[in-house]
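There are 2 protein chains.
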Amino acid sequence: MKIIEKGTLTLVRGIKASGIHCGLKTGKKDLALIFSESPATAAGVYTRNKIVAAPVLVTKENLSGYRAQAIIINSGIANSATGKKGIEDARRMASVTANALNIPPEYVIVASTGRIGNFLPMEKISSGISLAVNSLSEKGGDSAAEAILTTDTFSKTIAVQLDISGLTVTLAGMAKGAGMIRPDMATMLAFLVTDASFDVITLRSMLSNAVEKTFNRITVDGDTSTNDMVIIMANTLSGIPSIMQGSSEMFKFVEALEYVCHELALMIVRDGEGATKQVNIRVIGAHTQKEAARIAFRIAESPLVKTSIYGRSCNWGRVIAAVGMGGVPIDPEKIDINYGPYQVVQNGMSLGQERENEAADYLRSKQINIIVNLNLGKEESSVWTTDLSPEYIHINADYIT
Amino acid sequence: MKIIEKGTLTLVRGIKASGIHCGLKTGKKDLALIFSESPATAAGVYTRNKIVAAPVLVTKENLSGYRAQAIIINSGIANSATGKKGIEDARRMASVTANALNIPPEYVIVASTGRIGNFLPMEKISSGISLAVNSLSEKGGDSAAEAILTTDTFSKTIAVQLDISGLTVTLAGMAKGAGMIRPDMATMLAFLVTDASFDVITLRSMLSNAVEKTFNRITVDGDTSTNDMVIIMANTLSGIPSIMQGSSEMFKFVEALEYVCHELALMIVRDGEGATKQVNIRVIGAHTQKEAARIAFRIAESPLVKTSIYGRSCNWGRVIAAVGMGGVPIDPEKIDINYGPYQVVQNGMSLGQERENEAADYLRSKQINIIVNLNLGKEESSVWTTDLSPEYIHINADYIT
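Protein sequences appear in the order of chains A and B.
Take any residue in the first sequence, count from 1 to its spot, add 2: that is its number in the numbering used here.
Take any residue in the second sequence, count from 1 to its spot, add 2: that is its number in the numbering used here.
It is worth saying that the hints were derived from the structure and are not from the lab.
Careful, some of the hints might be misleading.
Copies of the same chain are indistinguishable here, so a pair counts whether it falls within one copy or spans any two.
As the list claims (entries may be wrong) - Cut-off 25 Å, straight-line C-alpha distance, at most; resulting in silico cross-link-like pairs (PhoX-like, lysine-lysine):
| hint | residue 1 | residue 2 |
| --- | --- | --- |
| 1 | K215 | K368 |
| 2 | K126 | K86 |
| 3 | K292 | K52 |
| 4 | K336 | K52 |
| 5 | K215 | K380 |
Isolated chain A, as found in the complex (with noise of 0.2 Å):
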């Protein structure tokens, strides 16, 4: 499997893209297109938000027959919270797109991120999108990848190349996130091409699984933007056979796939606004996967843990505590905990001070890990996240002077 990070998108077979200023941004990069030159298989994951965006109204709807060409993603407003007109305009960047594309308008995928409750200015969308099609090159995949950012410090892009059959096939993605700590423009959004061929059915299975182990695996506030989407497109024009359900040329295409997801969701991670650091919550020994994820985000999500991770103090006190709160039956006397290499706890109780001293001194890295073992059963369960710094609260706080 070979890794590339830099101008992805388009060495995927095919894959056309741009990215342009359309006035909706001071300055900025403000709309995306994606293009296939031949319809593709698509599959989607959405918010869970009861508040749905209206453009993944649209894109739900559009994507209804499971065939998609384009993709067209402002940034800067949401297009959330605006009821019946904002469905009309997300609608109508669709058409726009399709009848200059020359393709039907139900192969549009539509997708904002932004401000939450301001409509579109419709006009600069349109005239936008003509030029970003007109703006569609081999070597737009950069420009795609940074005109879908909002607050993000850098662009969030990964391709792999695999070799199937004798072939090479490319999965390419880009993101956009940083963190679900800011909220109007918290919104994740993930785009992944790939030049191989799939059933629907396999298209989405292994989308959902992904998915749900990698971006659904990643907290920074516990907020959920209502414009979250992850779309892929599978394009066929690799050249190689339709890949079968459980043929072992899906297993490699999955492990590329997760191995984007992964990198992609992490790096949403590390630009979450006011992280100084990485965090990984492992919560293991438990009756099952859901358990152990119920804890592992109740820890992932603990201000005061996270304020402890920030201040390097060894406080798993505050981790007990998150454990006792996950809603699970637990054995407080079986709860193992560990501080990367340095266990903590046994048995509900602490190992000494020493042990706590070794633990806040591992708290100088970057990367932390902590496990917690209920030594209950043998599922698991792991979450990403960071820590919680002032600097958080002085972004979010969007001082109104």
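Fit chain B to the given chain A structure using the hints.
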């Protein structure tokens, strides 16, 4: 109803108290004792955390007979995550207190608050208990209230006197807690005493209802201590006849009880470290109270909402996104949002920039009300919380340098 704010506990007939220094904290009172001249009917409400501290376990055990005559409380060490030895230590706190007071050990309620994971220094505790018993006085209410504090910045006490059947009944309470924002010391404790008389069933149901409406409606960061406890003792010494369930006297007392619990709960919110504002989130127009409460808590615990209030930004997009994450069926197009008197959202959409500016101006106040109307039904629920300031992080990070 006469309201008294100082020296409160010992205003109740037959109640003596003391607060002394026994050596758990440096130069501060750390052991409190409350004693009733005659055995009282007693009831308690405890932490819902599955990790339950030793003193809570022992108090539950002792209160199974619904009678109590003394409450012994230490601050500085939580006696939590301390295994079998922790239980023995808590039992010993009860028996040493009982011996010194010449009452049965099961008449003693034990509470602790402070750092999780350390054992109590039992010699200090034992000699401290002797001193506390010798210091018991009819003027000891304020000392006791002071001795249960950890990082609180002020004592929390209140009493009310009401006329029932021509006699004066006093209900007094003291509490500690500075929001659930402080991990090791985050415990919320409240002790209420009255000289009224109730059967245990009535006393328990009144207490649970009052706690549900007050202490269980405050949140600072969603973390729950392993040591939380609210206790009430009713010692009958006012001379009034036992108040019957459902009587008009009971409703009069219930009103006083809810007032006392509400005031103590709000003192805890006001003392939340780093808090610059007190925030009331009120969700109305829900199908059920429970659904209203779930959404209210989701809003109150959203770091994004809390930081925007700190930053005086009318960021209703963060509020509506939290509404969508409450796990409750809603209709996005029916939601109205008010910041105090300023309605900013109608039918899920913005009422315009001018309103948002007015609301931002309103956020300069110290006391913020946010009202979300789901427009689905007639039930509602209120939650009290604070904003989230950089000071919160500084306090909780516990720098180890």
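Status of each hint after checking the structure:
For the homomeric pair K215 and K368, the shortest alpha-carbon distance inside one copy (23 Å) is at most 25 Å, but the shortest distance between copies (43 Å) is not. In this homomeric assembly, K126 and K86 come within 25 Å of each other (Cα to Cα) only inside a single copy, at 20 Å, whereas the closest approach across copies is 69 Å. Taking identical chains as interchangeable, the C-alpha atoms of K292 and K52 lie at most 25 Å apart whether they share a chain (22 Å) or sit on different chains (18 Å). For a Cα distance limit of 25 Å, the shortest separation of K336 from K52 across copies, 13 Å, qualifies, whereas the shortest one inside one copy, 38 Å, does not.
Taking identical chains as interchangeable, the C-alpha atoms of K215 and K380 lie at most 25 Å apart only when both belong to the same chain, with a minimum of 18 Å there against 40 Å between chains.
Violated hints are absent here; each numbered hint is respected by the structure.
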